[in-house]
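Construct all of the structure, not just a fragment, from the sequences and the given hints.
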Amino acid sequence: MSRHLNMNAVMYFEAVARHSRVNLAAEELQVSPSAVSQQIKTLEEQMGVMLFRRVKKRLILTEQGERFYHAASGSIRMIKDAQIRLTNQREYQRLMIRVSASFGVRWLSKRLSHYVQSNPDMDLHIDATSELTDFDKEKVDLEIRYGLAPPPTLYSQSLITDRVLPMCSPEFAQKNQGESPSELLASSSLIHTVKAEVTWRHWLQAKKIADVDDLHGLRFDRSSMSLQAAKDGLGVVLETATLAMEELKSRTLVPLFPDLGTLDFETYWLICPARYLNHTSVKRFVQWIESEANQHESEKQSILTTLGVTGSAPFQPEVISS
Numbered sequence: 001m002s003r004h005l006n007m008n009a010v011m012y013f014e015a016v017a018r019h020s021r022v023n024l025a026a027e028e029l030q031v032s033p034s035a036v037s038q039q040i041k042t043l044e045e046q047m048g049v050m051l052f053r054r055v056k057k058r059l060i061l062t063e064q065g066e067r068f069y070h071a072a073s074g075s076i077r078m079i080k081d082a083q084i085r086l087t088n089q090r091e092y093q094r095l096m097i098r099v100s101a102s103f104g105v106r107w108l109s110k111r112l113s114h115y116v117q118s119n120p121d122m123d124l125h126i127d128a129t130s131e132l133t134d135f136d137k138e139k140v141d142l143e144i145r146y147g148l149a150p151p152p153t154l155y156s157q158s159l160i161t162d163r164v165l166p167m168c169s170p171e172f173a174q175k176n177q178g179e180s181p182s183e184l185l186a187s188s189s190l191i192h193t194v195k196a197e198v199t200w201r202h203w204l205q206a207k208k209i210a211d212v213d214d215l216h217g218l219r220f221d222r223s224s225m226s227l228q229a230a231k232d233g234l235g236v237v238l239e240t241a242t243l244a245m246e247e248l249k250s251r252t253l254v255p256l257f258p259d260l261g262t263l264d265f266e267t268y269w270l271i272c273p274a275r276y277l278n279h280t281s282v283k284r285f286v287q288w289i290e291s292e293a294n295q296h297e298s299e300k301q302s303i304l305t306t307l308g309v310t311g312s313a314p315f316q317p318e319v320i321s322s
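According to the UniProt record's numbering, the residues represented by the sequence shown are 1 to 322, in order.
Warning: the hint list may mix true and false statements.
No more than 35 Å apart at the CA atoms, straight line, and that leaves these computed lysine-lysine pairs for DSBU-like [claimed, not checked]:
hint, residue 1, residue 2
1, K80, K110
2, K110, K175
3, K249, K110
4, K137, K110
Now the in silico label distances, taken between C-beta atoms and shown as ranges [as the list claims (entries may be wrong)]:
hint, residue 1, residue 2, range
5, P120, L5, 39 to 47 Å
6, Q177, S312, 22 to 30 Å
7, S109, S180, 36 to 44 Å
8, S250, L215, 24 to 32 Å
9, V105, D134, 40 to 48 Å
10, I84, V49, 30 to 38 Å
11, Q295, S250, 14 to 22 Å
12, P151, S302, 30 to 38 Å
13, I79, E45, 21 to 29 Å
14, H125, R275, 14 to 22 Å
15, I84, S37, 27 to 35 Å
Hints in this document: simulated from the structure, not taken from any laboratory. Computed from a prediction, not measured in an experiment: that's the story for all the values here. Backbone N, C-alpha and C fix where the C-beta goes; we use that ideal spot for every residue, glycine too.
The following block contains the structure:
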């Protein structure tokens with residue numbers, strides 16, 4: 001017996017076994033009866049057994065043929081079912097994005113509807129964590145990383161240049177009009193986001209404001225909590241305009257010292273192994289988020305200008321003294 005069966009012959013055998021007639025099987029398969037007969041003969045020679053016996057112009061399965069028919073028909077049915085499912089099922093591409101929780105909630109999630117609508121064939125997974133990605137061990141396609149220095153071993157692209165400034169509730173600003181920055185901050189609760197790159201010490205030294213204890217105040221490990229505390233009038237928060245966009249637009253937070261401008265730095269980076277850029281799913285997402293980031297930068301500048309924020313300076317952590 002041949003070790004490799006002719007699968008075409010198996011299909012012909014299954015049809016003949018169901019119809020018990022060569023001509024009916026040939027009609028279903030849209031081939032000639034002689035072609036069907038030849039395939040049955042080939043299959044019997046390959047298997048070394050008789051699969052049919054002729055009884056009054058009908059082909060009846062032998063005992064060996066009956067056993068083979070049950071196996072063959074089940075396999076063919078499974079193949080046809082799989083074909084139907086694959087034909088009717090849209091082909092989806094999976095894309096895993098890792099992003100910090102604050103950026104994911106306050107920036108990315110508000111824009112994802114645009115992406116989902118224009119990419120219905122994409123299964124998008126968002127992993128919101130501050131943990132850095134080990135691309136060699138984790139199934140992550142792209143990371144949107146917060147920070148100053150992306151690793152040189154990976155592809156990196158600056159996504160957003162952020163602007164950091166002190167903000168407070170409108171009521172807080174109104175109540176403290178006329179005080180100097182030094183006096184106001186020395187007597188107010190400073191709100192800290194502990195994972196932020198730019199700290200109150202950085203900002204105070206960059207703006208040459210002395211006599212303020214930069215360590216006192218409230219501390220939160222999430223930007224959203226820091227911003228909410230400032231909205232509730234608990235003090236002055238030092239945060240990025242990107243994460244505070246909705247509050248600045250609605251005026252639930254306002255710049256406390258608009259004339260002092262902002263500290264600017266490249267905040268969010270697209271990170272992945274360079275080879276991943278060849279993946280269609282990654283390329284499409286990168287193109288989309290670049291467009292969204294450009295629109296965001298224009299809107300952010302417009303809002304800050306409307307609020308009277310003038311001037312900016314690059315954040316230079318290396319010149320900050322302890």
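Hints, one by one, checked against the model:
1. With a C-alpha separation of about 43 Å, the suggested pair K80 and K110 falls outside the 35 Å cut-off, and the hint is violated.
2. Proposed proximity of K110 and K175 is supported: the alpha carbons are some 33 Å apart, at most 35 Å.
3. For the proposed pair K249 and K110, the alpha carbon gap of about 15 Å is at most 35 Å, so the pair holds.
4. A C-alpha spacing of about 30 Å is found between K137 and K110, which places the hinted pair at or below 35 Å, so the restraint holds.
5. In this structure the supplied range 39 to 47 Å holds for P120 paired with L5, their Cβ-Cβ distance being about 41 Å.
6. At about 24 Å, the beta-carbon gap between Q177 and S312 stays in the expected band of 22 to 30 Å.
7. The beta-carbon spacing between S109 and S180, approximately 39 Å, falls within the hinted interval of 36 to 44 Å.
8. For the hinted restraint 24 to 32 Å between S250 and L215, the CB-CB distance of approximately 31 Å keeps it satisfied.
9. Distance hint check: the CB atoms of V105 and D134 are about 24 Å apart, inconsistent with the given range 40 to 48 Å.
10. At roughly 32 Å, the beta carbons of I84 and V49 sit within the given window of 30 to 38 Å.
11. For the hinted restraint 14 to 22 Å between Q295 and S250, the CB-CB distance of approximately 19 Å keeps it satisfied.
12. Restraint check, P151 to S302: a C-beta distance of roughly 34 Å satisfies the suggested window 30 to 38 Å.
13. A hinted range of 21 to 29 Å for the beta carbons of I79 and E45 is consistent with their spacing of about 24 Å.
14. At roughly 20 Å, the beta carbons of H125 and R275 sit within the given window of 14 to 22 Å.
15. The beta-carbon spacing between I84 and S37, approximately 30 Å, falls within the hinted interval of 27 to 35 Å.
Comparing the model with each numbered hint stated earlier shows that hints 1, 9 do not hold.
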